[in-house]
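Colleague: Please construct the entire structure, taking both the sequences and the accompanying hints into account.
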Amino acid sequence: MSKRVGVEVSIAAADAVGLCDVDVVAAYPITPQTHIVEHLSELVAEGHLDAEFVPVESEHSAMSACIGSSAAGARTFTSTCSQGYALMSELCYIASSLRLPIVMAVANRALSAPISIWNDHADLMYARDSGWIQVIGENGQEIVDLTIAAFRIAEDPKVLLPVQVNLDGFTLSHMIEPIMMPDKKEVKKFLPPYKPQLRLDPANPVTLGPVGMPDVYTEARKAQDEALKSSKAEIVKVFNEFGKQFGRKYNLIETYKSEDAETIIVTMGSISQTAMTAVDAMRDKGKKVGVVRIRVFRPFPADEFFAAIKGAKNLVILDRVTSFTGGYISGPVCLEIKSILYDRKHYPKIGNFLAGLGGRDVTDQNFVEMVDKVAASKDGGVPLAYEFINVRE
Amino acid sequence: MGIAAEALKNFKGFNLKNMPEVEPVSPGHRACQGCGEVLALRQAMKALGTNVVVCSATGCMEIITSPFPQTAWRVPWLHVAFENAAAVAAGVESAYKAMNRKGIIKSPDTVFVAYGGDGATADIGLQALSGALERGHNFIYMCFDNEAYMNTGVQRSSSTPFGAQTTTSPPGKMSKGQATQKKNLPEIAVAHGTPYVATACPAFPVDLMNKVKKASLVPGPAYIHIYSPCPTGWRCGIEESVEMARLAVQSKVFPLYEVIDGVYYLSRKVAKPKPVAEYFKPQRRFRHLTEADVQQIQARTDAEYDRLVAKCVVEVKEKKEKE
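Chains as they are written, first to last, in numbering that gives the first Met the number 0: chain A, 0 to 392; chain B, 0 to 322.
Please note: incorrect hints may appear among the correct ones.
Chain A stretches covered by chain B per the calculated footprint, using a threshold of three residues with CB under 8 angstroms from any CB of chain B [what the hints assert, rightly or not]:
id, segment
1, 15–27
2, 43–57
3, 66–73
4, 145–154
5, 378–388
Within a straight-line C-alpha distance of at most 35 angstroms, the following computed DSBU-like cross-link-like pairs (lysine-lysine) qualify [said to hold, decoys possible]:
id, chain 1, residue 1, chain 2, residue 2
6, B, Lys105, A, Lys236
7, A, Lys157, B, Lys105
8, A, Lys372, A, Lys287
9, A, Lys256, A, Lys194
10, A, Lys184, B, Lys175
11, A, Lys248, B, Lys101
12, A, Lys221, A, Lys187
13, B, Lys105, A, Lys187
14, A, Lys188, B, Lys271
15, A, Lys248, A, Lys348
16, A, Lys344, A, Lys256
17, B, Lys101, B, Lys11
18, B, Lys101, A, Lys243
19, A, Lys236, B, Lys101
20, B, Lys101, A, Lys194
21, A, Lys183, B, Lys105
22, A, Lys256, A, Lys377
23, A, Lys187, B, Lys11
24, A, Lys287, A, Lys337
25, B, Lys11, A, Lys194
26, A, Lys231, B, Lys273
27, A, Lys309, A, Lys243
28, A, Lys183, B, Lys101
29, A, Lys183, A, Lys231
30, A, Lys248, A, Lys194
31, B, Lys11, B, Lys273
32, B, Lys8, A, Lys157
33, A, Lys2, B, Lys101
34, B, Lys175, B, Lys105
If you are wondering where the hints come from, they were derived from the structure by calculation, not from laboratory data.
Every residue gets a Cβ at the ideal spot worked out from N, C-alpha and C, and that includes glycine.
Modeller: This is the structure in structure tokens:
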């Protein structure tokens, strides 16, 4: 039986990749992802992990090498964030369209300019339309577990899509947390060897990445969309099996004191812990407040999300990115939610807050203010499409 | 003896009597008439056979061979993007290395090839190529150099020769066409300590095939720069592309040589060189150049050739190769 040990989340994430017995890691260093790839190269150097560590010359080549590796049939991992993601993004779109089950940890960081190494979700949202499955962890244990589950989800013959495991840069990646590392034998049982449907094999030649003329392109895109759509059921299945085997059950949407809540705070990632602390304090004062956390952003679990929030009168929706709509359209998370609510003809009051940009702290008190603001607003919620939190005017 | 020389010491090459019949690139592709590039690709792939994985950059050789649901490829082939064929091949090679070691596959002799045009190699893909050469992956990179971005409509690249007309280096009152000298890619490959570097062209198919075969036998990276005439972009006759490749060699514009473990060998000494003007004449991309311009280019061509010859420690005696 494994026990909880205090370990830095990045190190634990790399150890989880090691437990999955990957064949190839191709990566380029970028703060705050560095500890993940450093530790992986150490595992390889010490002989603890039998893999090729390819120290590529850029993130663009990192994802290129991952595509080559995965197409050759190898279990493949990389990690990046921010500008690194931006540089490799061209290939990320191709990786998902080629249906390659690459797993990538993204230590979420703001985008330039000004250059900022600190945490927000700009890279996560940059990747939103890339066709990857996106999962977001709240704490170290979750990052370890989601990483192991990610390979199983990605390699499922019904899915065959790459998976991004998002962890907040510094605020999660560099924390030392008590983490229970799964037993290697147990992981092996949970995650069988990767059996590719097609691979680059001279005994069985295939042409991958051909030209798609207008008469086939739409069909290719639809097929890929169907794969992402149907991946939701497989993700749930994998989460359930993970729960059975390891005793930690994960859902697409996580709730905290939301059942009777009048106001629900919608979050993603490690900031949810602050939100829960704020909720406890507000509950003590008699405010009916709860948290709904999105763990899987792509495919977006619309029904599960709606079920979690439909009793609430007010929604406080956090966006940890600026999407530059000119002030007229909400941030990306809020936009998803408004679309879901419109389809279901359900109109709670909504406040969309851009918070925690480029490493700016978001405090318990901030959550109290956001909750009060939406609760006090007229029908339709806060009049602005979105508001910046903690900004000096 | 260096690693490449060691690997090649018992090399028995192809000749006109032992040409392999295998055609990894099948006929029926969509190349333009007279395409010198697909001819070179065919020769190169014949030399390599079928135990090979090919990574293609975006470009002519990609689009003409792979319009879904058809393919001209009888060997595994992967196209990802324009600028990353070398990095993709690095990934394939690393995967094979790990999976062979771990007993997942048994394929120790598979050869890994990346190829791209001159734009994909000299411009947008230079960084990925440099990285893959520096890391020492066991793969062959082939640059099919037709001296411009032909696939997008003949725009200049850094491999376009001085004076050439392209759609983005047009001659005019203020311009003589391409204003810069051709980037020397084989030298860049040599500077990486690449064990095997060679130049080749499809007018000398036995030489080309032997160089590609040698590249596959050398452990570590190999770089082959293949001169690939493009009648469409060079604006010469479609029946003239092999002749253009031959004239490029005979006029010293494109010398054939090998660099084995950093040691230069001239493959074919040009004893009685033809004037550059003779090579230029059938190509309308040079038509606007004045006699003085051509003389200037001739002088530079001679000087470049002399510099190369000075580097060659061994000159292979003139071969008689029937084309």
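Colleague: For this structure, which hints from the list above don't hold up?
Modeller: 4, 5, 9, 10, 14, 23, 25, 26, 32, 34
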